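Use these hints to put chain B onto chain A, whose structure you have.
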Amino acid sequence: GDSVTQTEGLVTLTEGLPVMLNCTYQTIYSNAFLFWYVHYLNESPWLLLRSSTDNKRTEHQGFHATLHKSSSSFHLQKSSAQLSDSALYYCALTRGSALGRLHFGAGTQLIVIP
Amino acid sequence: EAAVTQSPRSKVAVTGGKVTLSCHQTNNHDYMYWYRQDTGHGLRLIHYSYVADSTEKGDIPDGYKASRPSQENFSLILELASLSQTAVYFCASSEETGVHEQYFGPGTRLTVL
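Protein sequences appear in the order of chains A and B.
Mapping of the first sequence onto our numbering: position 75 corresponds to residue 75, and the numbering continues sequentially without gaps.
Mapping of the second sequence onto our numbering: position 64 corresponds to residue 178, and the numbering continues sequentially without gaps.
Just chain B, with the same shape it has in the complex:
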């Protein structure tokens, strides 16, 4: 069964509303990541975490918060969703960062209207 799961798989949100995307992994990995995928930009790192109760900013953190309440769970929070945040969001986990393979979830398609 899938080791990295995401919920919801798709969501429509209104501008200015709050959105929470959830990720759960059963890989027993310390590292977890949130990426957004946009055509022409590839996968861009939003936030990541290497231990529970701690998160780090990635390359495009503005407008996003993250929460890592446990090793298994990592959430991405959009406090005030905007049109520009319409994208597909991927969660991933890895044993360590650097040379270790990242295992991705199935993605969440977010549409902000």
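Same shape as in the complex, but just chain A:
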């Protein structure tokens, strides 16, 4: 079945350093879409990024990710971490059809320290 792997459960970074959160996926469907949802403490999770076409970069609020179907990856990146980026980040996968459901990874807790 469809699955998403986020290898890091916890990432701790110093403010100003680059962010990279890993996401790889498995699916037999060629029309897969990938997402990054962010969950700040005491708030509701919300959509940060949605994948575009293969090898095309998508950006939002300083974060960016590129879908690479050749390596089944959709890593989340940011050039410079801010304290306010501390949150739980979920990578999720769906098929591009009305029947496709979201499959979430285990999540990566990002902590940015001064």
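Because the hints were derived from the structure by calculation, they are not lab data.
Errors might be hidden in some of the hints.
What the hints assert, rightly or not - Covered stretches of chain A, as calculated for chain B (at least 3 residues, CB under 8 Å):
hint, stretch
1, 40-50
2, 104-110
Unchecked claim - A few chain A residues that face chain B, going by a derived Cβ cut-off under 8 Å, partial list only:
hint, residue
3, Y90
4, T94
5, R101
What the hints assert, rightly or not - Distance condition first, Cα-Cα at most 20 Å in a straight line; then the derived DMTMM-like pairs of lysine to aspartate or glutamate:
hint, chain 1, residue 1, chain 2, residue 2
6, B, K171, B, E210
7, B, K171, A, D2
8, B, K125, A, E43
Bear in mind that the values here come from a model prediction, so they are computed numbers and not experimental data.
Each residue gets a CB set at the ideal place from its N, CA and C atoms; glycine is no exception.
What follows is chain B alone, placed relative to chain A:
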């Protein structure tokens, strides 16, 4: 104002008791979902619905029932609560499933003692 609301926001239940978690959305969305969040497991789909009076099993439906009496309301029912059901539960809605964004509620923290 919040488009997906959940009640209660927290609850303590006893083992073997019945628990009902409620979700209400004003997004006019057809799809609604119930997830549970556990550290190390992420968000896992319990039940979902795409039309009133119909529900579908998600990835971890055992021990849970769902009810969708109207487009706006979606409930999660634990008939016999167990310790293993201690978790945070999130409701979400979307226009359609697949590529459409899901809008989440604030979550319900359930503790079963």
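*Which of the listed hints are broken here?*
none
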